[in-house]
Amino acid sequence: MSRILLIEDHDRLAQLMHQGLVNAGIAVDVVDRIDAAWAAVQQISYQALVLDRGLPDGDGLLLLKKLRNAGLSVPCLVLTARDALHDRVEGLEAGADDYLPKPFAMDEMVARVRALLRRPVEFHSIDPIHGDLRLHTESGVLFSGNESITLAPAELHIMQLLLYKHDEVVRRSA
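Quick note: the sequence shown uses the working numbering, first residue 8, plus one each step.
If you're looking for bench data, these hints aren't it; they were derived computationally from the structure. Be careful, since some hints might not be right.
Said to hold, decoys possible - Straight-line C-alpha distance at most 25 Å; calculated DSS-like pairs for lysine-lysine:
{"#": "1", "residue 1": "Lys109", "residue 2": "Lys72"}
{"#": "2", "residue 1": "Lys172", "residue 2": "Lys73"}
{"#": "3", "residue 1": "Lys73", "residue 2": "Lys109"}
On a predicted model such as this, the values are computed, not experimentally measured, just so you know.
Please put together the full structure from these sequences, using the hints given.
Listed below in structure tokens is the structure:
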């Protein structure tokens, strides 16, 4: 099952979106602030983000830029009431993969999230993280706390699969 992070501060809308995504078979964690979202992505390797721009502690694009600067390329759908052309361009330039203005149809939002989740695993995150494990894919180094180990190519491939799909059974054929 895919797991995404929903960052939305409007309680009722967050509940509706959560239910729509869960009904579509997608596991959803919900936070309502940038700092909580940052903490969540440090602990869990999400397959996608759904990000509101207007959050109590700032513009959601600040979080997106921070994620991209940290090397995390998890697919991101930006939701916002800001629907002017320059707002959409700003969101996409900040690293969003898709941009959906509010109000929106729930079916369309779910379809857009599913489209992000269909991306190949290799594009979900440059450096997957789970718990205290962090894999730097470019160098092939696995970090756990203060320790690190350089992985052989086959080990790197296996570790990537395990970290990206940490909540799924990974078959030998993967």
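Here's how the hints hold up against the structure:
About 21 Å separates the Cα atoms of Lys109 and Lys72, which keeps this hinted pair within 25 Å; it holds. Proximity of Lys172 to Lys73 is assessed by CA-CA distance (about 24 Å); at most 25 Å being required, the pair is judged to hold. A threshold of 25 Å between alpha carbons decides the hint, and for Lys73 with Lys109 the separation of about 24 Å falls inside it, so the pair holds.
Checked against the numbered hints given earlier, the structure satisfies every one of them.
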